[in-house]
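Q: Now for the letters of each chain:
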Amino acid sequence: MLTYIARRLVTMVFTLLALSVVVFVVIQLPPGDFVTSYIATLAASGESVDQEAINALRDRYKLDSPVLVQYASWLGELLRGNLGYSFEMQMPVGNIFADRIGISLAVELTAVVVMWAVSIPIGIYSAVNQYSVGDYLATIFGFLGLAVPNFLFALILMYVCYNWFGVTITGLFSPEYMNARWSVGRFLDFASHVWAPILVISSAGAAQLVRVLRANLLDELNKPYVLTARAKGLPRRTVIWRYPVRVAMNPLVSTIGWVLPTVISSSFVTAIVLNLPTLSPILLRALLSQDMYLAGALILFMGLLTLIGTLISDLLLAWIDPRIRLGMVGAN
Amino acid sequence: MKYRNRMGLSLAAVLALTGPLAAQTYTQAPELEQAVAAGTLPPVEQRLPENPMVVTPIDSVGQYGGTWRSALKGTFDTGWVRRTVGYQPLVAYDYDWTEVVPNVAERFEVNDTATEFTFHLRKGHKWSDGEPFTADDLVFALNLMKSPAYGGRKANGFKWEKMSGEAIDAQTFKLTLTEPNGLLLQRLASVEGMFIVNAAKHYCGKYFPDTDAAAIDNAKAAGFESWTQAVEQSCFFNFVDEDRPLLFAWRQVTPYDGLNQLIQWERNPYFFKVDTEGQQLPYIDDVQMIQTESVEDIVLQAVAGKIDFSNRHFATVANKPVIFENQESGGYTLTSTVDARMNHAIFQLNLTHDDENKRKLYNEKDFRAALSLGMDREEIIDVIFAGQGEPYQAAPRPTSPFYSEELARQFTEYDPDRANELLDGLGLTERNSGGIRLGYDGQPIRIQLLSPSDQSEFNDIAQLVVEQWKDIGIDLDARNAERSLVYERVQNNSHDMHIWWGDGGLNDALLDPRFYFPFGLESAYAPKWAQHFMNSGSTLAEAPPADVQKQMDLYLEMVGTGDKARQQELFAEILDIAADQFYVIGTVLPADGYVVASKNLGNVPASQIYSWVYPQPGPMETAQLYFMN
Amino acid sequence: MVSTTEAPAGDIDPRITGTAGTESQWQLIRRRFSKHRLAVVSLWVLGMFAFVALFAGFISPNDPGDVKARYTFAPPQGINFIDRNDDGGWAIRPYVYGYDVEVNPASLSRSFVIAENKKIYLNFFVRSWDYKLFGLIPTDLHLIGPERSRDPFYILGADRLGRDMFSRLAYGTQISLSVGLVGVLMSLILGVIIGGAAGYFGGWFDAVTQRVIEFLRSLPTIPLWMGLAAAMPSGWSPLQVYFAITLILSLLGWTELARVVRGRFLALNGEDYVAAARYDGCSHGRVILRHMVPAFTSHIITAASLAVPGMILAETALSFLGLGLQAPVISWGVLLQEAQNIRTLATAPWLLAPGAAIVIAVLAMNFVGDGLRDAADPYAS
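If you read the protein sequences in the order shown, they are chains H, A and B.
Quick note: the first sequence uses our numbering, first residue 1, plus one each step.
Quick note: the second sequence uses our numbering, first residue 1, plus one each step.
Quick note: the third sequence uses our numbering, first residue 1, plus one each step.
There could be a bad hint or two in this list.
Taking lysine to any residue and the SDA-like style, the derived pairs with C-alpha atoms no more than 25 Å apart in a straight line are [to be verified]:
(1) A:Lys470 to A:Asp415
(2) A:Lys599 to H:Gly166
(3) H:Lys223 to H:Asp135
(4) B:Lys35 to H:Gln130
(5) A:Lys470 to B:Val329
Read the hints as simulated data drawn from the structure, not as lab findings.
The task is simple: from the sequences and hints, build the whole structure.
A: The structure is reproduced here in structure tokens:
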């Protein structure tokens, strides 16, 4: 087992390296650079910058040196633990991470947990009562969550909540708690705001999970051993839960790998519309303004999360399913 | 308004009679009273300067209390901060934007040749941390900004090598120029001039190697990469350091660093202004600005009544219907603004294009005239601006003293026949199968226009013009593009055409005449000639034709004289040449804009000028806003 | 199961003709598919979309790019079918009510009151604006239109420039559906070739492909799309941009299909009949085409049909962010982006119709895909 984990970790490092190259290239691809977008932003607010300031900025940020040199220096710094500097926010990238990562992870992990908590019972019910009204309803609502684009859902939710309930759901905190320290009050405030983004973010993923679970459980329920168990008189509930559900959960566990980046991606647009203080709006701004170190660090982080997620899901799978454990390369 | 004048006159008379106000009693906000009683704050007479500035409220004397809420968009919205809480310059624009009046400086003198400016400060004027504010601070700020070692962003429009400042005594600051600058006071009063009162020597001195040998270490200790960055971020334009002492009516509690969502300001106990009854300003206790990423969020906040006074980012023509409808339920009203912008969208052909054929074609005045005549401005007004506005070129507004009928109205009629005539007259008589005329190179005339995708108005206007110009045989390829791409191309002189709104319609025309001759980076119709004027060593610079050069010379002459009448003369000459040249094609003169103001807010002006240079709402004196209940 | 009953009169007993129990694979699939009611309904819905996409010009009563100052933000008119005369008689004749338009200068909006005294009769197969059917045949025949072509006819209302929402939606369907289809087609080609090779030949090629797929799947999509879309040269024509966008979308989407194909190939490699075919001396090509392809075609179709919605949603996300397809191209994503603001939600909610179109299309494709998946393996019990 340890050998297996070790091998996976080594592969992960190589993957991250490859990822860093791709990321760096893609960020540099758009024409112009950070300074151009800085000028554009200022112009849009009504300000203007003069040529000397622009030259000075380009000098300061060494944006004129060749791409390879920039990449090499970035990689070097990364390996030394220095995440670099954000042009736009004028502070070390590490600071930005430290400030926002807590909330980011909290929102996203809650979304994942909610997704699972909601989709498992619905998936099971759907499969067990196939083609019933409940099944159709669950399917349709699940798919609705999948089909409605996130930003549209968020905007409509925003407007409907205001119009019908007089509540503005943007942001994660009320003004009095925004800069305050964590306390019970702040936590309750957070909970009262976070339901909206969770609803929007988890809707798409939940639908996928329901479908996967339903399909797999159906496959299992149609197998001979289930029929035998029923024929032998085991109560319905036991029949369903003892083996089929556990087997059907396998693919579900393996979905952890892609669930996390999906959540991050879908929370991306939602965070803009709903003004969440997470890493997503920062990433979007960094990409649009070509703030390369910040964008690069964030994307690498997302990639790292995915890889860790895949590793965890593979390990979990191995733990749950002895067949896989025995078949694993590098296992005893 | 009448009340104000009467009050102002009679009070002035009283003040003149009573002399120094040593016996005047001042009152302060309740929370400050408590602090004084508890011994944590000196009494109000000691906090105010000996001669505090008396502000006459717009409507009525106000009462203390309340929180002013508004919204910021993204990390770079320091503009809004500077316009609202931050407009306390050395000298300021008056409300009508006709002259420069004292503000932080109690009074000032200029010599005849506009080379010596003397400012007299108030004795006892203190920074927001209680330290004394003296002429030394001004000298320090100037030296810091002009220091060649400071590599950060500098204020626009000043020639640093030609300026030097000295402190004659603690309350007298003298600015000496090696060559005359008749616009210096205007610049100091504009949004760019505030730097000089934003850098306290006792606080920012630690970041400047000339005043503190340990500057680099201090900067690093504070988390910055260099002392330049420390100065730029915490002492001049940005507001990332909440401990920095200021002269504003409110002092900063939360840093605006892009991470905090709520930027909070609290009352500054050392603010130097009082109202006509001796109450220390500001009336409002706190200011809260919420940083958000999406404009739609701000619109929703406004509609829900969570914005007390703002028009930043969201007060557009497109949003007016929904904001207008919700006034009752949101508990706010709309006041109006007179836009200093003189045009909603200006189409700028690149007259210094690198492609020979295009350059030849674009430089034909008849070509531009034809394009302008082929534009149906009434349709644009009807469709996009709900019938508000009038057809207009890039020219000062009708109410401006620089208004020129010719510059403003030439070629604004919709006359496609005449346009076709003009184009035929240029020899562009052949057309391709789609009806598009062939240019001098035998290719169909295709003008590519990229408009920033986050300004939907531009693209809408452009789409209308695409159809209109088909009738005169011109193919306008108009599309959205990401804005930094748009700017990249303009910077490199690789664009055919650019579109932007028109600043410079009122008094900002003198400071920013970008559309009247190639002046700066925003003169996208002639980047090469603008680079020549800016003289910053760019490889793009190219000497312009004689007429354009004449305008540049006239402008430099204008800046060099302190005589206001002469300035106006010279500027009028510049505009005459601009009318002849007809550089750019304007569309619509903007009608009044609007501001959302809570119904509960008092001393809100019914109408105010809206401009970047006169940083609305700044000159109305935001410290006099108050909540009525 | 031998039946002893008489065959119905007039029918020839299939046992005699020898066709009993010999339905082809496709007929079996179709039978199982039709059991899934939602899927069948969805198939009809998709057919309707396809019709709209093909005949967009024919269906649209107005030119989608036609700007009308007078009717900015005009609400939908609602077609009435029963025409009552003043003297009590009635006839079945479709018509809409006209508008009384007033501009409100204070709020900068137009108010539209449905004017019951202005009846605008509608005709079928009218001649109005010029277009090219299928992009080839110039004509001016339209399915429906007002009697007098100057009268306003807005089934789904008008947008901020007075353009007909219904016509724009129809044209948007063309682009959006085709982006999805073309993108999936490209993904399919990439996925089948690479995944198939990996699954069939195995060994080091398989291992390398696995790693590459894993790598691609760990890439966060939105930032990469953004980067690629922002890097597109601005000089390209809308058509080139369109293909570039589909290529970009499919470059990241082929991994899923490759995975499915590879999985299927691996499973099939172990099947007896495949081994038999190989021992028989069949060439690789024959083994693949004749024996393996029929077994997994249905799976591929399923996976492909489930990938289309993802493409469509991705296109809308890109447009929302300001990249991807932009005005003046008309796609659902572009239309949604234009409607994505409070002003529209509050005063002109009909402009969110593209959102409804997306939802319906995505749902329909998912149900069809589901139905296909249930029916894909007709030999399962």
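Q: Indicate, hint by hint, whether the structure satisfies it.
A: Structure-based check of all given hints:
1. Among the hinted pairs, lysine 470 of chain A with aspartate 415 of chain A is consistent with the structure: their alpha-carbon atoms are about 14 Å apart, no more than 25 Å.
2. About 19 Å separates the Cα atoms of lysine 599 of chain A and glycine 166 of chain H, which keeps this hinted pair within 25 Å; it holds.
3. With a CA separation close to 20 Å, the supplied pair lysine 223 of chain H and aspartate 135 of chain H stays within the 25 Å bound.
4. Between lysine 35 of chain B and glutamine 130 of chain H the CA atoms are separated by roughly 13 Å; this keeps the pair inside 25 Å, and the hint holds.
5. Distance hint between lysine 470 of chain A and valine 329 of chain B is fulfilled; the C-alpha atoms sit about 18 Å from each other, no more than 25 Å.
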